[in-house]
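Undergrad: Sequence:
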Amino acid sequence: MIRILAFLFAASLIAPAALAQQLDVDFEIVEDDQAAGCAGSVVAGLNPSGDGFLAVRSGPGTEYRQIDELYNGDMVRTCAMEGPWVGVYYGDPRRRGWVHGNWLQHFAG
Numbered sequence: 001m002i003r004i005l006a007f008l009f010a011a012s013l014i015a016p017a018a019l020a021q022q023l024d025v026d027f028e029i030v031e032d033d034q035a036a037g038c039a040g041s042v043v044a045g046l047n048p049s050g051d052g053f054l055a056v057r058s059g060p061g062t063e064y065r066q067i068d069e070l071y072n073g074d075m076v077r078t079c080a081m082e083g084p085w086v087g088v089y090y091g092d093p094r095r096r097g098w099v100h101g102n103w104l105q106h107f108a109g
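Oh and the sequence shown: position 102 is 102 in this note's numbering, straight run, nothing missing.
Calculated from the structure, these hints are not laboratory results.
Cβ atoms here follow ideal geometry from the backbone N, Cα and C, with glycine treated the same way.
Please note that the accuracy of each hint is not assured.
What the hints assert, rightly or not - Cβ-Cβ distance ranges computed for the label pairs, FRET-style:
no. : residue 1 : residue 2 : range
1   : Asp26     : Ser49     : 16 to 26 angstroms
2   : Glu28     : Gly91     : 32 to 42 angstroms
3   : Gln105    : Ser49     : 16 to 26 angstroms
4   : Ser49     : Gln22     : 17 to 27 angstroms
5   : Phe107    : Pro84     : 26 to 36 angstroms
6   : Glu82     : Gly40     : 17 to 27 angstroms
7   : Gly52     : Pro84     : 19 to 29 angstroms
8   : Gln105    : Glu82     : 30 to 40 angstroms
9   : Pro84     : Gly40     : 16 to 26 angstroms
10  : Gly91     : Arg65     : 33 to 43 angstroms
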């Protein structure tokens, strides 16, 4: 029983670190009351008959590796732009990456 509890405790310490994605091209997240900060957006317009997901990449371009997937209706915070590519985070700020901006609808927030 002690071994099981020790394992579960150790796993809980590792999980947050595993959540952080390693980006090849990083960007700054500014979220405070003094600056405009990151804007709110929603993933929209993906064809459910196609891939059905928006690839999250480690940098702003298709040559960068895919690190996650987003789906229609997923909420993101947009924090950086490089051409048509947008640096986003979603959920926890450690969940971040680059997506093509064609599939984001922006809103205030």
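Undergrad: Return holds or violated for the Cβ distance of Gly52 and Pro84 against the range 19 to 29 angstroms.
TA: holds, 20 angstroms
Undergrad: Is it true that Glu28 and Gly91 lie within 32 to 42 angstroms of each other by Cβ?
TA: violated, 18 angstroms
Undergrad: Take a look at whether the Cβ-Cβ distance between Ser49 and Gln22 falls inside 17 to 27 angstroms.
TA: violated, 32 angstroms
Undergrad: Could you check the hint for me, namely that Gln105 and Ser49 are 16 to 26 angstroms apart, CB to CB?
TA: For Gln105 and Ser49 the Cβ distance comes to about 20 angstroms; the hint holds.
Undergrad: Should the hint that Phe107 and Pro84 are 26 to 36 angstroms apart at their CB atoms be regarded as holding?
TA: Violated, at about 19 angstroms.
Undergrad: Looking only at beta-carbon atoms, does the pair Gly91, Arg65 fall within the given range of 33 to 43 angstroms?
TA: With Cβ atoms ~20 angstroms apart, the hint is violated.
Undergrad: Between Gln105 and Glu82, does the beta-carbon spacing fit 30 to 40 angstroms?
TA: violated, 19 angstroms
Undergrad: Can the suggested window of 17 to 27 angstroms be confirmed for the beta-carbon pair Glu82 and Gly40?
TA: holds, 20 angstroms
Undergrad: Holds or violated: the 16 to 26 angstroms window for the beta-carbon distance between Pro84 and Gly40?
TA: Hint holds: Cβ distance 19 angstroms, inside 16 to 26 angstroms.
Undergrad: So the hint says 16 to 26 angstroms: do the beta-carbon atoms of Asp26 and Ser49 match that?
TA: violated, 34 angstroms
Hint compliance for this structure: hints 1, 2, 4, 5, 8, 10 are not met, and every other hint is.
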